[in-house]
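Protein chains: 2
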Amino acid sequence: MDERPRYDAKLARILQVAAGVFAEKGYHRASIRDIAAATEVSLSGLYYYFESKEALLFLIQRHCFGTILERAQAELDGVDDAEERLRIVVRTHLRFFLNNMREMKVLSHEAEVLTGRYQDEVSALKRKYAAIVSDILRDLRGERDGPDLRIATFTLFGMMNWIYTWYKPGKDPGAEALASEVLHIFLNGFRSGAATEADEAEAEHGDGAPSIWRG
Amino acid sequence: MDERPRYDAKLARILQVAAGVFAEKGYHRASIRDIAAATEVSLSGLYYYFESKEALLFLIQRHCFGTILERAQAELDGVDDAEERLRIVVRTHLRFFLNNMREMKVLSHEAEVLTGRYQDEVSALKRKYAAIVSDILRDLRGERDGPDLRIATFTLFGMMNWIYTWYKPGKDPGAEALASEVLHIFLNGFRSGAATEADEAEAEHGDGAPSIWRG
DNA sequence: TTGGCGATCGAACGATCGTACGAACCCACA
DNA sequence: TGTGGGTTCGTACGATCGTTCGATCGCCAA
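First to last, the sequence lines map onto chains A and B. At position 117 of the first sequence the residue is numbered 117 (the numbering used here), and the sequence of numbers has no breaks. At position 206 of the second sequence the residue is numbered 206 (the numbering used here), and the sequence of numbers has no breaks.
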């Protein structure tokens, strides 16, 4: 019941095409007329599928974020080891990122545009996703000293979400290789405790940089 | 000669206030009328100081990027050790970032807006700055295997430039502490050789992604 | 065939945008 | 005191924006 295959399919196509337009020109610079031209739907015809430009952006972001959360949770299901869980999250994130770069660019770049309940709902998804990563990092760190969880989490997201600003398909490596590079840097960096840090600094450079976190 | 202290000072103030308006509302959503209100200069009066809205954004970005480059080069002067050079760059970058967050947000968030010669000139500054970091990383890596330089460079910039999306002054630590966290994760991760990584990768995906760093 | 409803459209409205133009202002210097 | 050029402003123009509204289309049930 309540199924409208025709409606749903066309809405999905509109969201996809509109995401491309927003990704290319930016949300504010792109006009509904641009989206009408790209989707081959008339200007007023579009408003049968969403009630405002902001609602259109909201639908794109919610669908995109919902899919990411779904996939991450599905891939994480049954896996207990913290390190393996982190590898899964990064790989899943980057796979989805590169396969849906236009949507992800809209998600990353137009994060502050939504207002009111639109913003509330997307922010809730965002917090949920960040909490998954943060919990993994807490588990991974264990009782040892280590980087602040909030900073480490956002730093990892920065490494991944910044990609849309420089990634060139064809030129740059695919999701798996990219995930390996990111995981190598982040994982080895995050796991190395303050003690290790001191040892390495001593052995290689004798630089005398003290422990960052102790006490 | 060619000095107009009154003109220069007022232009500088306009750039600063306009950067705040752009940071808050976004370049396209902010109107020249918003900037006129914020600067307390009349709408048409602003056009005595810049010839178009795009030129205004260009002046902001060039001034901001020019200052960063200047400071980085000054701080790096005379320092040879690669690791110390990286520490200096990250510290300088984050110090400037937190002290000029509005300008840096405009620089990061409105990177694709400029066109033509405006874009060319800012892109040149950006490449110059990225090359400094990339050269340091190459030096730091030496002859060993290690992450791809292009990816590592952009990954580091991602860690730093993503900050404007989550940083809360007062709540989050200052530039020095932030730089320590970022440097700890990135430096230890970047320096750790491929051997460690290979051990880890072995345990999981027979997926056919052998050595991460081809060749 | 016909009635009705989901789906689509053309045309227009008011608002806001970036920018241009000419007059008026202010102040150092003749 | 007058004058000229650097500086500031009020006003308006044309373009484009998001959104609305009533008419019309296509298709399936009666």
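Worth flagging that the hints you see were computed from the coordinates, not collected in a lab. Please note that the accuracy of each hint is not assured.
The list treats identical chains as one, so a pair stands whether inside a single copy or across any two.
The calculated DSSO-like cross-link candidates involving lysine-lysine, where the alpha carbons are at most 30 angstroms apart (straight line), are [stated by the list, open to error]: (1) LYS25 x LYS168; (2) LYS10 x LYS171; (3) LYS53 x LYS171; (4) LYS25 x LYS10; (5) LYS10 x LYS53; (6) LYS128 x LYS171; (7) LYS53 x LYS25; (8) LYS126 x LYS53.
To see whether the hints hold, each was checked on the structure:
no.	hint	verdict
1	LYS25 x LYS168	both (18 angstroms within a copy, 29 angstroms between copies)
2	LYS10 x LYS171	neither (33 angstroms within a copy, 45 angstroms between copies)
3	LYS53 x LYS171	neither (34 angstroms within a copy, 34 angstroms between copies)
4	LYS25 x LYS10	within (22 angstroms within a copy, 32 angstroms between copies)
5	LYS10 x LYS53	within (17 angstroms within a copy, 38 angstroms between copies)
6	LYS128 x LYS171	between (33 angstroms within a copy, 21 angstroms between copies)
7	LYS53 x LYS25	both (14 angstroms within a copy, 17 angstroms between copies)
8	LYS126 x LYS53	within (21 angstroms within a copy, 33 angstroms between copies)
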